[in-house]
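Novice: Grab the two chains, each in its own frame, and use the hints to assemble them into the complex.
So the protein sequences, as listed, match chains X and W. Note that the first sequence ends on residue 138 in full-length UniProt numbering; no numbers are left out. Note that the second sequence ends on residue 338 in full-length UniProt numbering; no numbers are left out.
Hints were generated in silico from the structure; no laboratory data involved. It should be emphasised that the depicted structure is a prediction, and the values quoted were computed from it without experimental measurement. Please note: incorrect hints may appear among the correct ones.
[To be verified] Anything over 10 angstroms on all C-beta distances counts as not near chain W; from chain X, calculated:
(1) R29
(2) D77
(3) N102
(4) L113
[Claimed, not checked] With a straight-line cut-off of 20 angstroms between C-alpha atoms, the simulated SDA-like cross-links for lysine to any residue are:
(5) X:K107 <-> W:R250
(6) W:K305 <-> X:P54
(7) X:K134 <-> W:R299
(8) X:K110 <-> W:R327
All residues carry an ideal CB built from backbone N, CA and C; glycine is no exception.
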Amino acid sequence: MSYSDLAVSSHPHLIRIVENHLLNHADWRSVTQHAFTPRPLLSGIPPEPVYVDPDVDPSKPPTEAALEQVEWLLPVDLREKWSPRKMAEVFDSLPEGVWGENAKGEKRTKRMLLAVVAEDSTVSYYFVHDGIVKPRQN
Amino acid sequence: MPLAEPVQEPFPIYAVNGTYLLFDVNVVSHVRKKHHMCGVLSGTLPQVPQQNVFLGLPLQLMVEEAALLVEKGAAYVVDDVTAHKKGLKEMMEEDKKRYMDQRNEEIMKTALEHQAALEAKKAGFIAISKDKKAKKDKEKAEKKAAKEAAENDDELLFGPTKSEPAPVAVDPTPAEASAASAVSEAPEAPEASTDTASKPVTTDNLLLHYPILNTSTFPFHSPLPESSSSSLLPRPNPSSYPLYKHLHSRGYFLSPGLRFGCQFMAYPGDSLRYHSHFIANGLGWDEEIDMIDIVGGGRLGTGVKKAWMFGGCPPKQEGDERGEEDRTRVFCVEWGGF
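Only chain W is shown next, with the shape it has when bound in the complex (with noise of 0.2 angstroms):
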C-alpha cells in the first residue's frame, strides 16, 4: 500500500442531490486525520448492491461536516452532475491523446514490472530443481550399482523380492521428467523476456492492469469556482450545528446518531479506536423538550454505557467575541443509580 499522497487545500466535494461526497481515498484519510471527520462509506459492491458489510468509497459526508469544512475553508463544494459534464467536454481531443498514451504507458510499465517478476520467480525454481537433479542422479548411480552387486550374488527367481529397493530407484523418475522439462523451458524463458522488452505488448502475452481513474490528477480534477454558488453551499441544521462544532472543536468524532437514537454519536477519539461516550441531541436554545424525553434519554445512555447529551447555543450578546462553538451549553445526563 503506497503512502497516502499529500493533499491540497481547499479539496473539492461533490455535491449530488443534498448529499457531499468524497471520491479520492487520499482525501478521505486526510479529512479523517487531519479534521478528525469519518463520515460514512456508502460504495457497495455492483453485484451484491443490497448487502452494507464491505463499503467504500465513495464516502459521504454528514451536512455539517461539509458546512464545517467550507467554513474553516478546507475544502469547497461543486455540483457533481455539472463538474462531470464540463470535465469530460473540455478534455480535448489532444488531452484525450495525452491520457490514453499516459494510461498505455503505465500499463506497460506495470505489466513489464509483472513480467520481471514471473521470470524470476521460475529462474528460482530451475536453480533449485536443478540441484535436485544433481543429487538425485547421484543417489540413482549409487543404488544401480548396490542392486547389480546383489543380482550377480543371488538366483534369477527370488527378484521380485530383490528388487524391493526399486521403488526407491524409481522415485527420483519423475522429478527428474519434471527437472528435464524445466530445463527445457529454460532456455525460452529469456526469450520470452526479451520478446515483451522489444515487441509492443499483446493481450496473448500479458495480463492487463486497468488502471484505476485518479481523480486527482489533472483532467479530472475540479478547480475551484470563480463564483461559489450559495445554492450548493451545506446548510445544516442550525439547531444542531452549534453543538456539532462544540464537540468537535474539543476534539470529538462525531458520526451520525439516527441509529442510536439521537443526532450525533460522540467518540473521543477516532471511532474505530474509541467507544462512544455521548449520544447527543442539538436543540434550539429556546426549542422546548418534554421532561419524558430528558428521562428516556437518561434511561437510553445509561442503558448503553454512554451519557445522553442534550444542548443548544444561546444568541450572541452583545460584548461576547466568543463564536458559536464556544458559546454552546451542554448537559450531560445520566441515571441518578437509586
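The shape of chain X in the complex, shown without the other chains (with noise of 0.2 angstroms):
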C-alpha cells in the first residue's frame, strides 16, 4: 500500500526518519533542520568525511576543514517525481558562501545528499552536486 499524494508531499516524516536515521545509525552530529522553501533540509557533520575530493591525495590524513565540513541533505520520498527545475530551485533555496574551496584551490560547486525514503524506511543517501563536477573514483 503506497501513501497518497497528501502524505508524499507532507514533509515532516521524512525529516524526520532522516534525521533519526543520521542521528542513531550514521552517527552524525550537529544535525538542523532547515525550514526552506520549496524544501525542507537537514544539515550535520558525518563522523568522517564522506566525500573526499578526487584530486585530494588520498594517503594524506583529512584536513581539519574536511573534518568539520557540514552537508547538507535534502529528504526526499521515493515515489515522488522530480524535475531539473524543482532540483535548481532547492539548489538555490541553499545559502552562498559556505562551500569552500576544492582541492585545486578554486571555490566548489554545491552539493547536497539526496537522502531517498523508501516505503519500508530504509534511506539512501546520493549526492547530487550543482553542475559538472568530476567524478570521484576514476
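Specialist: What follows is the structure, encoded as C-alpha cells:
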C-alpha cells in the first residue's frame, strides 16, 4: 500500500526519518533542520568525511576543514517525481558562501545528499552536485 | 600517410534518410580536431557486413553534432540522393573525359614510380650478389689448389675420404648459378624500364593502381545550396540538445550513450585518450523524472566509476542574454557511500 499524495507531499515524516537515521545509525552530529522553501533541508557533520575530493591525495589524513565539513541533506520520498526545475530551486535555496574550496583551490560547487526514503523506511544517500563535477572514482 | 589536407568550411554533410554522414576522411579528422566531434564510423566490410570490429567511412554524425555544425556555420546539409544524381547529370562529356585523362595520368605516374622502385631494389640485389660471387670464386680457387696438392700426395683409394672438403667447395655453385642468372637478367632490366618510359602502360607489364574517388575534388564536391531547404535541417531532441551544447561548449567530447543506458557519454577530452566522466540525460525544464530513476542512475554511474548526470535548460528570462548552452543547469549524481 503506497502513501497518498498528501502523505508524500507532507515532509515532516521524511525529515524525522532521515534525522533519526543520521543521528542513531550513521552517527552524525550537529544535525539541524532548515525550513527552506521549496523544501525543508537538514544539515549535519558526518563522523568522518563522506566526500573525498578526487584530486586530494588519499594517503594523507583528512584536513581539519574536511573533518568539520557540513553536509546538506534533502529528504525525499522514493515515489516522488522530480524535474530539473525543482532541483535547481532547491539548490538556489541553499545559502551562498559556505561551500569552501576544492582540492585545486577553486570555489567548489554546491552539493547535497539526496536522502531517499523508501516505503519500508530504508534511507539511501546520493550526492547531487550543482554543475559539472568530476566523479570521485576515476 | 600524407598529411590531412586543410578543409574549407563550410563543408557538406550528406543526409541520407535522416542520418548525417561524412564521406571525406579529411573532413572527419577536421571535425574531430577542431569541433571535438567523433561521430560513429559506420562503414563495414562488403564481404563481412555483420562484423562491427573494423568499421570505416562513412562517419555518421549524431543529430546534435550535425545540428551544432550547421548552427555554427561550419557545415551545410546536402540531400545525398539528389546531390549524387545531380552530380552525375552535370558531369558533362568533356568533364568526364578530363577526369578519365587525369585518372589515367595518375595511374601512369603511380605505376612508373612503382616500377622505378622495383628496379632500384633489383639493382641493389644484383650489386650484393656480384660481391658475393667474387668472394666465392676466390675461395673456390684456393680450395681447388689445396685439394690438388693433397691428391698428389695420397693414393687414389683415399680419394672419397680425402674429398671431405668437397661439399664446401661445391657450396658456392648454387650461389654462383643464381648470381649468374641475376647477371643474365641484369641487361634486361634497364630495357624494361626504358620500355615503360616510352611505351604506353599495358596491363601485362604493370601493376594497376585504382585511384580512390576523392570526394573533395571538383565535380564531386556538392556546392552550398542557394536556398537551404528546412526539411533537411537536423532536428535534435529539444530536451537533450541544450545539455549537449552545454557540455560541448565546456570542452567535453560527447558520444551516443545508448549502449551505456543514457543519451550521451561525456569524455573530458578525445575519447581515445580518456575514460568518460559522465553518463548524461537531457530533460525538459519541467519534465518529470521518477526518484527511482535518479537512484538507478546514481547506481549505474557509480557502478562504472562515472557520475550520472541529468539536466535541462530553463526558458529564456527577460534580460538574460545567455544562450541555451550557458543557461542549462546540470546535476551530477553519485552514490553517497554510506
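Novice: Within a Cα-Cα threshold of 20 angstroms, do K107 (chain X) and R250 (chain W) meet the stated pairing?
Specialist: Holds. K107 (chain X) to R250 (chain W) sits at ~18 angstroms (cutoff 20 angstroms).
Novice: Can we trust that L113 (chain X) is non-interface, i.e. its beta-carbon lies farther than 10 angstroms from all of chain W?
Specialist: Given a closest Cβ separation of 5 angstroms, the condition is violated.
Novice: So if I understand the rule, the pair passes when the alpha-carbon distance is 20 angstroms or less; does K110 (chain X) with R327 (chain W) pass?
Specialist: 17 angstroms, holds
Novice: K134 (chain X) and R299 (chain W) were given as a pair; does the straight-line alpha-carbon distance stay at or below 20 angstroms?
Specialist: 16 angstroms, holds
Novice: Check the non-interface label on D77 (chain X): least C-beta distance to chain W beyond 10 angstroms or not.
Specialist: 7 angstroms, violated
Novice: Compute the least Cβ-Cβ separation between R29 (chain X) and chain W, then decide whether it is above 10 angstroms.
Specialist: 15 angstroms, holds
Novice: Between K305 (chain W) and P54 (chain X), is the straight-line Cα distance small enough, at 20 angstroms or below?
Specialist: 12 angstroms, holds
Novice: Take a quick look at N102 (chain X) and tell me if its Cβ sits farther than 10 angstroms from every Cβ on chain W, holds or violated.
Specialist: The assertion about N102 (chain X) holds, with a minimum of 14 angstroms to chain W.
In this structure, the earlier hints numbered 2 and 4 are contradicted, and the remaining ones agree with it.
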